[in-house]
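Chemist: In the order they appear, the protein sequences are chains A and B. Using the numbering used here, read the first sequence as starting at 68 and increasing by one per residue. Using the numbering used here, read the second sequence as starting at 68 and increasing by one per residue.
Please note: incorrect hints may appear among the correct ones.
To be verified - Just a few of them, taken from the derived set where beta-carbon distance is under 10 Å, the chain B residues facing chain A:
| no. | residue |
| --- | --- |
| 1 | Phe74 |
| 2 | Glu75 |
| 3 | Leu137 |
| 4 | Arg142 |
| 5 | Ala154 |
| 6 | Phe184 |
| 7 | Asn185 |
| 8 | His234 |
| 9 | Asn237 |
To be verified - Quick look at which bits of chain B chain A covers, simulated, 3 or more residues with Cβ under 8 Å:
| no. | region |
| --- | --- |
| 10 | 77–90 |
| 11 | 169–180 |
| 12 | 224–233 |
As the list claims (entries may be wrong) - Chain A is faced by these chain B residues, among others (derived, beta-carbon under 10 Å):
| no. | residue |
| --- | --- |
| 13 | Leu117 |
| 14 | Tyr139 |
| 15 | Leu140 |
| 16 | Val141 |
| 17 | Lys143 |
| 18 | Ala148 |
| 19 | Asp152 |
| 20 | Asn153 |
| 21 | Gln162 |
| 22 | Ser165 |
| 23 | Thr199 |
Bear in mind the hints are in silico, worked out from the structure with no lab data behind them. None of the values given here were measured: they were computed from a predicted structure. Glycine residues also receive a C-beta, built at the ideal position from the N, C-alpha and C atoms.
Here are the chains, one letter per residue:
Number of protein chains: 2
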Amino acid sequence: MIRLYDFERSGNCHKVRMMLSMLGIEYERIEIDLAKRDQLQDWFVALNPLHKVPVLDDDGLLLRDSAAILVYLVRKHGKTAWYPDNAPAAAEIQQWLSLSVNEVFNGLASARAIVVFNRDLDYATAVDIAHTALDTMEARLKQHDWLALGRFTIADLACYPYAALVHEGNVDLASYPAVRAWIKRVEDLPGYVPMPGLPYPGD
Amino acid sequence: MIRLYDFERSGNCHKVRMMLSMLGIEYERIEIDLAKRDQLQDWFVALNPLHKVPVLDDDGLLLRDSAAILVYLVRKHGKTAWYPDNAPAAAEIQQWLSLSVNEVFNGLASARAIVVFNRDLDYATAVDIAHTALDTMEARLKQHDWLALGRFTIADLACYPYAALVHEGNVDLASYPAVRAWIKRVEDLPGYVPMPGLPYPGD
Chain A
68 MIRLYDFERS GNCHKVRMML SMLGIEYERI EIDLAKRDQL QDWFVALNPL HKVPVLDDDG
128 LLLRDSAAIL VYLVRKHGKT AWYPDNAPAA AEIQQWLSLS VNEVFNGLAS ARAIVVFNRD
188 LDYATAVDIA HTALDTMEAR LKQHDWLALG RFTIADLACY PYAALVHEGN VDLASYPAVR
248 AWIKRVEDLP GYVPMPGLPY PGD
Chain B
68 MIRLYDFERS GNCHKVRMML SMLGIEYERI EIDLAKRDQL QDWFVALNPL HKVPVLDDDG
128 LLLRDSAAIL VYLVRKHGKT AWYPDNAPAA AEIQQWLSLS VNEVFNGLAS ARAIVVFNRD
188 LDYATAVDIA HTALDTMEAR LKQHDWLALG RFTIADLACY PYAALVHEGN VDLASYPAVR
248 AWIKRVEDLP GYVPMPGLPY PGD
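Generate the whole structure from the sequences, applying the supplied hints.
Modeler: As structure tokens, this is what we get:
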């Protein structure tokens, strides 16, 4: 049985909930309320020394990173279309996983965390990184429907939640029409699940 | 022919130079001097909108992220021992690739960039993130010789340079004996290449 340590308003958790829904996998959900600092309790830090959600527990195999969890679920369930293992495809996908972990998280997610959760970070710096992430996505999506390949892959899921939640961080997508069209494409996928703030309320 | 857009003092570039050396691959090296802001020239931004090194050009296939380049090279050259594609192993490795892209880069690498390259970032924040990264690595390496699996993988290469260059950012590894022992293990690998500041001068 899969157990997901989960916070409803976390975009990183949303990626995993979405993948579990797309794969039709039942799971036990354990709420870690970041607002109450549940993630700093000793028992949770023992599960994840980075004290972040999500954490996935698949019969004792513990995984603590949303990109790693996407890789795990897709490979375990043989969905190679969503994460092929040939060299160029795997590398293209890894580029976007890295963007999701660095620029998307430290830009788009941080701007939102400052506004929504009063995180003690510099807003101007976060917005600056957010636009670097959005510029990179817009440049790709002007020419292509999906981020990494000619079809949906885990690259899209990794970058989607914080791009679509950016309105909660007061970052405007007006100058990113290709990103907005891609957001709608992700939201039309079979198995899509909403969360507070999603689907994207614009357009 | 492989072309590497490279900066000698970049730890992210070192990972790629090291992998190319371990695979015995010849390549053409193009110096992008970050100190002279070469990375902001239009022709380079066209190669990588994130204006970062390394960038790998393999007969027209452009890759812009060091983790993605490691994935690409290992898969292309069939070194599955360094990056297996079964679900748990791929996920374990992805966890450390994500750590290398976020906490290692924004902590260990940023502390060094502030000291060495006068980067306009907050030193206390960088050092704080650096210790999060080192704590996570130390916890794993206390029990295991390598980060992701029971042997060397690209996870180790992804995390090595900025961990071992940390002395240039005035971060002390005195309380991280397992990290220091692992650094020596990486430096003893066949094909290891030095760079300014590496191998780690302590111990």
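Chemist: Once the shortest beta carbon distance from lysine 143 (chain B) to chain A is found, is it less than 10 Å?
Modeler: holds (4 Å)
Chemist: Using C-beta distances, would you say chain A covers the region 224–233 of chain B, given that this needs three or more residues below 8 Å?
Modeler: Contact hint for the region 224–233 of chain B vs chain A: violated, 0 residues under 8 Å.
Chemist: Hint check: is the beta carbon of phenylalanine 74 (chain B) less than 10 Å from a beta carbon of chain A?
Modeler: For phenylalanine 74 (chain B), the interface hint is violated, since the closest Cβ of chain A sits about 18 Å away, which is over 10 Å.
Chemist: Within the assertion that chain A covers the region 77–90 of chain B, do at least three residues meet a Cβ-to-Cβ distance smaller than 8 Å?
Modeler: The restraint on the region 77–90 of chain B is violated, since only 0 of its residues have a Cβ under 8 Å from chain A and three are required.
Chemist: Does alanine 154 (chain B) hold up as a contact with chain A if the rule is Cβ-Cβ below 10 Å?
Modeler: It holds, given that the least Cβ distance between alanine 154 (chain B) and chain A is near 4 Å, below 10 Å.
Chemist: With chain A as the partner, please determine if alanine 148 (chain B) meets the hint condition of a C-beta pair closer than 10 Å.
Modeler: With Cβ-Cβ at 15 Å, over 10 Å, it is violated.
Chemist: Less than 10 Å between beta-carbons is the criterion; does phenylalanine 184 (chain B) satisfy it with respect to chain A?
Modeler: Constraint on phenylalanine 184 (chain B) not satisfied, violated at 17 Å.
Chemist: So, aspartate 152 (chain B) near chain A? Judge it on the closest CB pair being under 10 Å.
Modeler: This hint holds: aspartate 152 (chain B) lies near chain A, its Cβ roughly 5 Å from the closest one there, short of 10 Å.
Chemist: In terms of beta carbon proximity below 8 Å, does the region 169–180 of chain B have 3 or more residues touching chain A?
Modeler: holds (count 4)
Chemist: Was the hint right that serine 165 (chain B) lines chain A, CB cutoff 10 Å?
Modeler: holds (5 Å)
Chemist: Once the shortest beta carbon distance from glutamate 75 (chain B) to chain A is found, is it less than 10 Å?
Modeler: With Cβ-Cβ at 22 Å, over 10 Å, it is violated.
Chemist: Identify whether the interface hint at asparagine 153 (chain B) stands, where standing means a beta carbon of chain A within less than 10 Å of its own.
Modeler: holds (7 Å)
In this structure, the hints that do not hold are numbers 1, 2, 6, 7, 8, 9, 10, 12, 18, in rising order.
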